[in-house]
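A.B. asks: Sequence:
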Amino acid sequence: MRTYDSVWVKRRVLSAVAAAIGLALAGNAVAAEGKCRIGRIAEWPLRAEGRVPVTDGEINGQKVGILLDTGAQLSYIRRSAATRLGLTGHGASRVFGVGGESHAEFTHVEEFRVGEAVWKNWRVTVAGEGESGDIAVFLGDPFFDQVDVEFDLAHNAVRLYETKDCDGVSLAYWARTEPAGEVPLEAGRGIRFTVAINGTPVRAQLDSGSSASWVSKPDAARLGVTPESPGAVAGACIGNRETRKTLDTWIGQFESFAIGNERIRNPRIHFADLWKDMTYTETGSRLPNRFAGQPEMLLGADFLRAHRVLVARSQRKMYFTYAGGTVFPETPSKPCSPEGAK
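Heads up, the sequence shown stops at 342 in this note's numbering, and the numbers go up one at a time, no gaps.
Hints are computed from structural coordinates only; laboratory data are not their basis.
Possibly wrong hints are sitting among the right ones.
[What the hints assert, rightly or not] Okay, derived cross-link-like pairs now, DSS-like style, lysine-lysine, Cα gap no bigger than 30 Å in a straight line:
id, residue 1, residue 2
1, 276, 35
2, 120, 35
3, 334, 276
4, 63, 120
The structure displayed is predicted, hence computed values, not measured ones.
With the sequences and hints as input, model every part of the structure.
C.D. replies: Here is the structure:
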């Protein structure tokens, strides 16, 4: 997937060179500002009513919704959408995520459009069961690690940038009155960084495709929060139609959440045993293996709705400012089973 995403971005960058703009970056040395250049590759309008960032595009001339999903390890088309669009799957592979292992195929898309960008002859994975309205494409991390991306959900926009000679310069160009918060990004795949919950370091991943933020259940217990803790209530039941597995979730009372220069007291955050079914079996073996190194928290679109965020892969940093609203809104729901409510 990385090859195709890279080709698309490079073509779009070349067409955007003439429109590249230099932005005033307040609060930095004049010499650094003079060298730093930010070229805006694209600005994608988002659907105003959505809980996750969705933009509009086309597959072979047919209009589709596109979920901008930084938490996905690859870009893919949902199987029900591929059928609706008349795309034929072939081959076989496996994909893994919350809910475990799922079957995947490949298909060929003659033309994929989003904004002014056009992607020709796209060989893309087909995966995922169930319906998601007209959302057909899940645009994953292999795309976003090629660019710097700004999430401005308060203005229903996502912007893509190419930067040059900006080392040591804050790219949060909109932060005029006070410095933006920032956190360093881990090397490797995924937008991963360290936050603090109840004063303890926690490895988090930015997952724009998740409407809510989540703490892994074992890590919530390590932080002193379990389903039996005072104030804990049942959350939504998560299901995988292909594996027929379900996942009970809860909402727990934590003492604090901190990221960069921002601290939230007494947040109520969803938690679940996110990775319990994320296992694989080696050929010739019957013993399931767990994937190592999974994040302890998924920071979802609820965080993005309350902040303006710029993920600068070019600097391996994430910048953010508070935009208003509740960062971790509580959304109780029906549990998978009576036991899940305990």
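A.B. asks: For each hint, tell me whether it holds in the structure or not.
C.D. replies: Hints, verified against the model:
{"no.": "1", "hint": "276 / 35", "in the structure": "violated, 48 Å"}
{"no.": "2", "hint": "120 / 35", "in the structure": "violated, 35 Å"}
{"no.": "3", "hint": "334 / 276", "in the structure": "holds, 21 Å"}
{"no.": "4", "hint": "63 / 120", "in the structure": "holds, 16 Å"}
In summary, the structure is inconsistent with hints 1 and 2 from the numbered list given earlier, while agreeing with the others.
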